[in-house]
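Student: Residue strings, one per chain:
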Amino acid sequence: MRHKISELADELKTIAIFFVAAVIVMKIAYYRENLPEVIRATASIFWLFALPGYAMTLYWKGRLGLIERLAAGTVAALAISSIASYYLGISGLKIQNQTIILPAAITAVSLFFYLKSSAGNLFSEKGLSKNEKPKNEKQ
Amino acid sequence: MDKEKVEGLVETVLLVTFFTLILYLGPATASDHRLRHELPTGYGASDAYQHQTRAQAIYDTGQYRKEAPYMMKGFKDVIGFYPPVLPHATVLLARTSGLPVYDSLQLVVGLALALGALMVYHFARSMSRAVALLSLPLTFFMTTGAPFLGVVTFGQMPFALSSTFLITTAWAISRISLPRSRLLIAAALAGTIMTHTSETLFFSIFLAAFFGILTTVRVITEKEKLNSIKAVIRENKELIMALGIATAATLYFWPLFIGIWLKMQPYVGIKVETESASFPAATVHLWQFKLAYAAIIIGLIATIVLAVQKRKELERLLHNPKLFPLIFSAYMMLAGYGTYLGFGLRSFQTRLYWPLTLAPLAGYGIYQIVKPVTAIIGKRINPFIATATITILLSAFVVSAYYEKPAAASMPKQHWDAMRWIAGNAPEDAKVWVMYSDVYTQTSMLYNDEHFNYFVERSDAADMINEISANNGTLNRNRRVSVAADTGAGTPYRKGLFSFGRHLGETSIFDMCSADYYLVDLAFSERSAQLQQLNLFLIQRFARSNMTVEYKNEWLVVLKNNNRGGECLAA
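Read top to bottom, the protein sequences are chains G and Y. Sequential numbering from 1 applies to the first sequence in the numbering used here. Sequential numbering from 1 applies to the second sequence in the numbering used here.
If you are wondering where the hints come from, they were derived from the structure by calculation, not from laboratory data. Here the structure is a predicted model, which means the values were calculated and not measured. Even glycine gets a Cβ: it sits at the ideal position worked out from N, Cα and C. Each statement offered as a hint is correct.
Restraint-style ranges between C-beta atoms, simulated for each label pair:
1) Y/A523 <-> G/K13: 50 to 60 Å
2) G/A104 <-> Y/A523: 45 to 55 Å
3) Y/A231 <-> G/H3: 37 to 47 Å
4) Y/G62 <-> G/R32: 29 to 39 Å
5) G/R32 <-> Y/A571: 48 to 58 Å
6) Y/I301 <-> G/A104: 49 to 59 Å
7) Y/K413 <-> G/Y87: 35 to 45 Å
8) G/A104 <-> Y/K263: 32 to 42 Å
Derived SDA-like pairs (lysine to any residue); straight-line CA-CA distance at most 25 Å:
9) G/K94 <-> Y/G98
10) Y/K73 <-> Y/M264
11) Y/K3 <-> G/F18
12) Y/K413 <-> G/N34
13) Y/K322 <-> G/I67
14) G/K27 <-> Y/T12
15) Y/K405 <-> G/N34
16) Y/K5 <-> G/T14
17) Y/K66 <-> G/Q96
18) Y/K66 <-> G/I90
19) G/K94 <-> Y/D60
20) Y/K263 <-> Y/L201
21) Y/K3 <-> G/L66
22) Y/K495 <-> G/I90
23) Y/K66 <-> G/N97
24) G/K27 <-> Y/G98
25) G/K13 <-> Y/D2
26) Y/K3 <-> G/D10
27) Y/K413 <-> G/R32
28) G/K116 <-> Y/S177
29) Y/K66 <-> Y/W261
30) G/K27 <-> Y/L39
31) Y/K405 <-> G/I28
32) Y/K237 <-> G/F113
33) Y/K3 <-> Y/V373
34) Y/K66 <-> G/L93
35) G/K27 <-> Y/L9
36) G/K27 <-> Y/P100
All chains, full assembly: derive it from the sequences and hints.
Tutor: See the structure below:
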């Protein structure tokens, strides 16, 4: 598990770089918007969807590339978060009270299962070197 | 730096660039390159306002148990029947970012388009990186103003997000050999179910056809019939489990879909439609891809040839990452031609996402053409770099030749301000009488006043003009008018766990003097001079009947009826 945590720390640095890249992308696309607004919108998207999505797809680290995991994870988190939000809303927890709890819970649960699982250690567990890819990987 | 790292870096840069360009050229242009606006921007049709105002209602109440009464002819018991994912994603983003709901919705849908393009790339990548790269140029068609960006401006927003979920479902299936891939498949599929369920139905038809043919062939060709069926189930266990998980996660919504949507919009049988009656401006034809049409057709022919060559592998189609993207893409083309089989509106909608769903076909078609070229130059130049260069050149051609800048549509600020004044100042149960204006032809925008609206259509206004003219200035206060409402699902209310009633017996004759507020335009174009005269005539009569001007700007007035039910047209 210590090994996973240190790999996680490395990947979080990459996530931070992607956040900066996302701010730049959004600022280019929405160039007429002021920077604080762009940063806040990007941070919101990251908090609500990209981070939970990243955590959800950690299980397949080593099998899927980072951009693929980020994209697929963000899409999956859009679905899961919104469905969960709907159920929570009709159960009594209003949406305005979900914006912290919901993404935090999805991220935490996903991280928990990742750290407990045996997947994600493909390179070390399966005896593959970092340069060697599993069959499903890039051609 | 080794070759693979260089290629990986180039690929990353390319993908980020494409993502940025799709966002920039499409959704961001429709939003005038701003995130925050004073009023809804990028909204060009009634459906778009319908989704905006539904999300606003959920923002205001914090939940979606019931529909907003002002969207449902005043009924307070109409169950929240619309698939909830898009409005909830919108409200979560609005609450977190502080952006208005109408801007958050545009951002969510814009991201759906750009993410959809990324997912199509990774879907096609299971064939080869070259085909994936060459599939990218077609995705730029998604950014052109009409018809494709109609997914944003014409309000096909739930369809767009659901289609991105559908592409992600297909991508996840192409990764079915991953451990626990059922979770990826289930998450994306659940997204389609609770965003815009017709995409789930098209996917189900694909699966039903595949499993139907597979099982039939196995049963016919194999001696142990029961064992062959068991083998089919065993081989596709991961997908079947994914279907189970997705169904369980969306269980609450299924009675709503079956009891409300399927009853209101059932399949009625074979019926040929060559143009979309619902969205004529958003009817898509394959020839609209112009030169890219050739790439798609070549890709389709090459796919058929490949499928015949690898026919023995077709029974493991879902486990074949090289065949599956092509067959799925070809299926989505077929789904678009369901317009000849009675699927009408829903099939026409799938065509709006053809720039993404047909991209693997187009990429494979272009690959057939450039393969010999890259084989030759690949002896001197890295084939990946060569393919990337071709991709960039093709993309530049597509954008320069076919890109039409989408308009940043919005209603006039004066009308938005008036509607928001009513929303903030009129009592909750007040009714609003809205005189005809060209601005309100997209009637769903009226929900922004958050009140019950009587809306005088243009034909009703013409009747008024004729009546006043024929009867020396006398006007009957009982008028045939519409009530602005989203009645596509029939204003359903819950009767039991799986049963729903509908509010019926609507009338269309209303007493003009029974409203609490009157929204009346003052400014019209020269060719609508008679409409202007009608409105000025009415304002005069309203004023003589002791109505008071509560809000005014240079384009319109909002009057309050201080004698509701009494005389309102005093001479």
